[in-house]
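**Q** Chain by chain, the residues:
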Amino acid sequence: MAPNTSEAAVDLDAPWISQEDLPVETYQIIDEDGTYDSADVPDLADEEFLDLYRWMLVEKRYAERMIKLQRRGQMGTVGSSRGHEASIVGSGYALQDGDWLLGMGRETSAMLLRDVSLRDIILFWRGVEDAQRFLTEQNCMIGISVGGYLPMTTGIGWGMNLTDSDSVVTAHFGDGATSTGAFHEAVNFAGVLDAPAIFYCQNNQWAISTPFEKQTNANTIAQRGLGYGVHGIRADGNDVLAVYDAMREARKLARAGHPVLFEALTYRTEGHSTSDDPTEYRERDAVEEWLERDPIERYESFLKSKGLWDEVDKDALVAEVDEEFSAAVEAADEYGPRDVDELFEYVYDDLPPILQEQLDEMERELAELDDLEAYIERRPKG
Amino acid sequence: MAETIINAINMALTEEMDRDDRVVVFGEDVAETGGVFRATEGLKEQFGGDRVVDTPLSEIAITGGAVGLAVFGLRPVAEIQFSGFLPPAFDQLVTHASRMRWRTRGQWSAPMVVRTPYGAGIRALEHHSESLEGAYAHVPGLRVVIPSTPYDTKGLLKSAIRSPDPVLFMEPKHIYRSIREDVPDEDYEVPIGEAAVRREGEDITVISWGAMMQKTLEAVDRIDADVEVIDLRTISPMDRETVVASVQKTGRCAVVHEAPYSGGWAGEIVGTLNDEALMYLEAPVERVTGYDIPVPLLSMEDYYIPHPPRIAAAIEDVLAY
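Protein chains in written order, with our numbering: chain A, 1 to 382; chain B, 383 to 703.
Just so you know, these hints were derived from the structure itself, not from any lab. Please note: incorrect hints may appear among the correct ones.
[To be verified] Sample of chain A residues lacking proximity to chain B, with all beta carbon distances greater than 10 Å (derived):
| hint | residue |
| --- | --- |
| 1 | Ile67 |
| 2 | Asp166 |
| 3 | Gln215 |
| 4 | Ser275 |
| 5 | Asp276 |
| 6 | Glu280 |
[Stated by the list, open to error] Cut-off 25 Å, straight-line C-alpha distance, at most; resulting in silico cross-link-like pairs (SDA-like, lysine to any residue):
| hint | chain 1 | residue 1 | chain 2 | residue 2 |
| --- | --- | --- | --- | --- |
| 7 | B | Lys426 | A | Leu44 |
| 8 | B | Lys426 | A | Phe212 |
| 9 | B | Lys540 | B | Arg559 |
| 10 | A | Lys214 | B | Arg559 |
| 11 | B | Lys426 | A | Glu311 |
| 12 | A | Lys214 | B | Arg487 |
Quick caveat, the model's predicted, so the values are computed rather than measured. All residues carry an ideal CB built from backbone N, CA and C; glycine is no exception.
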């Protein structure tokens, strides 16, 4: 039986606080209809406004084509970022050279903006070990353990303080991650350290089949910042200008020693991944409602009223973006040759004798045992 | 009726929830969707949302919550979606679940089950492929169980749910749906702590468990010898009697597991044989295991797994010694 939580049943005299005392506003610049107040629009050059649009198309086409590759058996399990374009691009666009970005796999174009190559993202989802070597060369990493990489985000920020770096570290994660202990401990510690860290939650309201309302009793993610003594903000994650503008400010706050908990409110219009069928656990109506708030369409309305739409040849842009994707797939197909050595490399700085022995044994067995290779399938394009 | 391991899990959960209304099932995505592998499908419809619960994404809260429910007299069956996500909750298992009976001198206890799929071979992302049974088996007070057949899965899971002590129930996800056998509808238990002799033989004892049993049996089929095959089923506390008696009889032994070599449970078996059967051995005990590396990502994952040709070669080496 559920307990009686009716507040009418209790009479409170002491100065209790509750989350209802703190309504959290959602920061928005372009509203759902595409209208805006010019005074609120961030001060960007025309090329930059157009660049944001192009990046959102990159993210959209990337998501669509990755799913297609997966369906054709040329990709491992992958999650679509459809609907998250503004949240990903707006946050990534506000970062600067030298900034670090740790993610969970649904922030590709933010990493591309950090000079990660599309080929390496494709290699990552194909399960090629070397991919993360290339990502980390650009100070980016994808962590599959949900929330697990947030404490190290704090540590990187701490390191930035200790070495007088002028960069920031950002961790991208989903609403599910905010239920992990690692999240709470990381944000709290960042507050203690004044770490230049931005905890960027793409609240897409679903953790596989678990809706946000079941993830937490808190009304918002952003309000939790208060509990840790750090700044919090909730932005409309489908409004690229709001995300960009708030992220730019978040970066300034972080640099000034104020870590930020940033919530971008968006919606996962597709499945958690290609292994997930969301029709099993949610109504189509809610999805339709969010599809109508498509971040790209909203930004198109903005570009139109801003008088920049004439400069956009959408078909040509999409064709160009598609061509880049095709070239990246081709480069990923050609990546190699690969060898079993790489499975043993990087476990330690050097190869301890026992690993050398095991590698030698693996190579000997592959050479000597007639049908061992028959049990081994390299996939996909591995 | 021929059932898979997944079906057997579902049968055990359904029957135990029906039999004992203290049994509560929870974890990430277990209620609305029936779990990512569909092990808990239909339970919410049958037993309601108070007893079949989707939790927030928190392995610590799931496992620690199970400890609290168990201490309070319920019979929690928690699911950790992949064993690669269990490490944060290791603290709850080590610090609380496994020592509640000991700490409170029997006043409290933690009769709970943590179910979790383990092992490589499903082409998933990082942290979806580990076999860390040896690490968990090292924790006093925790029972670690790994079934390898549908029949045993149902019986062992029922025993786990009825166990007065916490059980980590590791499920071989690679063979969740690949083998079928008759699983009776009626109530039965397969006792925890008893290994199964799958084949009787005189020449050599081959010991394995979980997803490696299929590969081991395939390897044994290639060998022209009278091989005794033991399915350990319970890693800890181990059925030393069956293992030792078999090796005393055959004088030769090979152990097969998917977990890394160093610190793997095969080492514990070798140690046991050293203690109890050294003078019976006619050859060193061979270990066929994973390598001391993280399980490779999906494109080269197969290289990691001990396949039948490797297992067969090792058995032949021991026989020829």
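**Q** Hints first: check each against the structure and report whether it holds.
**A** Okay, the hints, checked on the actual structure:
1. Ile67: At roughly 16 Å from the nearest Cβ of chain B, Ile67(A) sits farther out than 10 Å, so the non-interface label holds.
2. Asp166: 32 Å, holds
3. Gln215: Incorrect as stated: the minimum Cβ-Cβ distance to chain B is 5 Å, not above 10 Å.
4. Ser275: 7 Å, violated
5. Asp276: 8 Å, violated
6. Glu280: 5 Å, violated
7. Lys426(B) with Leu44(A): Violated - the C-alpha atoms of Leu44(A) and Lys426(B) are around 52 Å apart, more than 25 Å.
8. Lys426(B) with Phe212(A): 20 Å, holds
9. Lys540(B) with Arg559(B): 20 Å, holds
10. Lys214(A) with Arg559(B): Cα-Cα ~30 Å, so violated.
11. Lys426(B) with Glu311(A): This hinted pair is violated, its Cα atoms lying about 55 Å apart.
12. Lys214(A) with Arg487(B): 37 Å, violated
Figure legend: structure checked against the earlier numbered hints; hints not met, in rising order: 3, 4, 5, 6, 7, 10, 11 and 12.
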